[in-house]
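Number of protein chains: 2
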Amino acid sequence: MTEIKDLGEFGLIKHLTQDLPSYDNGVIKGIGDDAAILLIDGSSVITTDMLIEGVHFDLIYTPLKHLGYKAVAVNISDICAMNATPLGITVSLGISNRFTVEALEELYDGIKLACKKYKINIIGGDTCSSQKGLVISITAIGKVSKENVVYRNTAQLGDLLCVSGDLGAAYLGLQLLEREKQVYIEDPNMKPNFENKTYLLQRQMRPEARIDIIEKLAEVKIIPTAMIDISDGLSSEIFHLSEQSRIGFKIYEEKLPIHDEAREQAYAFNIDPTLCALSGGEDYELLFTIRQADYNQLMLVHDIHIIGHAVPHSEGNTIITRGGNIHPLKALGWNAFTENTKG
Amino acid sequence: MTEIKDLGEFGLIKHLTQDLPSYDNGVIKGIGDDAAILLIDGSSVITTDMLIEGVHFDLIYTPLKHLGYKAVAVNISDICAMNATPLGITVSLGISNRFTVEALEELYDGIKLACKKYKINIIGGDTCSSQKGLVISITAIGKVSKENVVYRNTAQLGDLLCVSGDLGAAYLGLQLLEREKQVYIEDPNMKPNFENKTYLLQRQMRPEARIDIIEKLAEVKIIPTAMIDISDGLSSEIFHLSEQSRIGFKIYEEKLPIHDEAREQAYAFNIDPTLCALSGGEDYELLFTIRQADYNQLMLVHDIHIIGHAVPHSEGNTIITRGGNIHPLKALGWNAFTENTKG
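Keeping their order, the protein sequence lines are chains U and R. Just so you know, the numbering used here puts -2 at position 10 of the first sequence, and the rest follows in order with no gaps. Just so you know, the numbering used here puts -3 at position 9 of the second sequence, and the rest follows in order with no gaps.
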């Protein structure tokens, strides 16, 4: 095992950033100067996310490679939510001295894998020591033409509300990992039991940004009227669209896409699967509105579910249950939800 | 005092980012969506820096307002080092629960003040809790036309090596603060003694990005042949220019700009002022090369010092002392220097 101080800051950066994937994304200058230079065709799209050990991730059950991948994916998801194309990222790491060079190689392997998947470049970053734990701060840059950019505040009355993929599985994956962690803490000889849980674990540990949805919508010539990505939970994101667009949403419980594995796990945990879908968070799916006139075109796109529609702002945000009852939606985000389940 | 959890993440961001300065820097969408949208005239310039409590700053003697200002300035300094114009920043904060809303207001006051000074916008960010201490990650975006961008690897044989401002004062300011901290730890009733040290403290606690130099060079129509900002120390930056441009530099001890207050303090600490200038770090001045033909034009720009010139790579990097001796330069950066003085 190699200690970080053996390489020094510059040596470490050089070591980690060798063999980087390289795409022709307008990068005039990447790593190695005071700043990166990009020639961007259209408007620049910029987003940033910070992940802190012990708050956003637990290295007891998170492989560093998956963590690296996820740290990139969550940023690319935000670029997608503007209907934009990702181009590159900067990666800043704060590292405590308990990390070896080999550990950081694993983290970077995940980062590089995500860069390959999303066809983006690492254009810069910063590596420094931290007093405690690992801090990852990634900024992603993308491009979009002015006509194609999609905001949160432009949903219109009568629009259809759509969501990609399925909801709640990442939250249930987290609960599963937390449960097995407790078992492990009580008896380190116990093997974790993750049989038939592959999907839940993958959704929690290695989410994907839905760049494929953005590409398919472009193919069928649909520009959503408003869009957001689901990081805090469906309810919370519906409230963002609602508040910013000054409109209400009516959604239908029976339309919420929930994976079989998630539904089974929710029952096993004695939680309502619908609550997981509404408030679980970390799905990194896209939530968007389209004009009703785009319905036929939307049918050409796989893996999208119409879950409701836009109503006057005065009607608020409501869910129609399977039994036909109307309930007001609550804007419970991931944090609030976690606190609730803890009691 | 208000606890952060009373406002929640969204409430806190809303509170801190009210009354932001706003400049017409091509910002189509700032804070409030999944990502910011900027229409950039020319190439985009991107740089990022992470500051961690206990590693990069000590809140025992660093006022939060100054810290906020400095966190912005060091990033803008990197934008300037590409000969570019800064446009905006994203601000990510990791905050432990010992910080109050009022403390973060102070930090943000400094950030906003720097934004006013450099005429830039806050276009996004992320605020989350940390397990320990304060983490600040800022990414700055700027613009530059392709013809004007200045790299590190383009210095030419015979070029003049120039530096703005003066060197070593920030390092001495830090030593002063560390000394008074020790005094305070031993006897909390002792008042710190900072008489006649205003300049040193200001250089350490509230450095400025030299955007004024970039503007003045443009006015007199000088495009440096290569440029870098001095964050780790003059020697270390000379080695970056040298390695990347495949050229050597000869500098003259008597030409190194050192402020009177810095020189006096160095003598008081029994350190060689030249060593402080070479290896002190955190000066955030610009180090650049110009063609000899630009000499007359350079004389029109205030606060720039010619400290040497470019020689063949095989001659390496050397310093001619006041006594006329030639010494090889050592690439001691700030970190190495600190360790040396400690041991």
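To be clear, the hints were calculated from the coordinates, so they are not data collected in a lab. Just to be clear, a hint being listed does not mean it is correct.
Note that identical chains are pooled: a pair holds if it fits in a single copy or bridges any two copies.
[What the hints assert, rightly or not] Only pairs whose alpha carbons sit at most 20 Å apart, straight line, appear in this in silico SDA-like list of lysine to any residue:
1) LYS134 - GLY30
2) LYS179 - GLY312
3) LYS134 - GLU207
4) LYS134 - GLY153
5) LYS134 - GLY20
6) LYS120 - VAL89
7) LYS104 - GLN144
8) LYS104 - LEU165
9) LYS120 - LEU47
No experiment lies behind these values; they were computed from the predicted model shown.
Verification of the hints:
no.	hint	result
1	LYS134 - GLY30	both (7 Å within a copy, 16 Å between copies)
2	LYS179 - GLY312	neither (44 Å within a copy, 72 Å between copies)
3	LYS134 - GLU207	within (18 Å within a copy, 33 Å between copies)
4	LYS134 - GLY153	neither (27 Å within a copy, 42 Å between copies)
5	LYS134 - GLY20	between (31 Å within a copy, 18 Å between copies)
6	LYS120 - VAL89	within (17 Å within a copy, 23 Å between copies)
7	LYS104 - GLN144	neither (37 Å within a copy, 37 Å between copies)
8	LYS104 - LEU165	neither (28 Å within a copy, 47 Å between copies)
9	LYS120 - LEU47	both (13 Å within a copy, 17 Å between copies)
Of the numbered hints listed earlier, those contradicted by the structure are 2, 4, 7 and 8.
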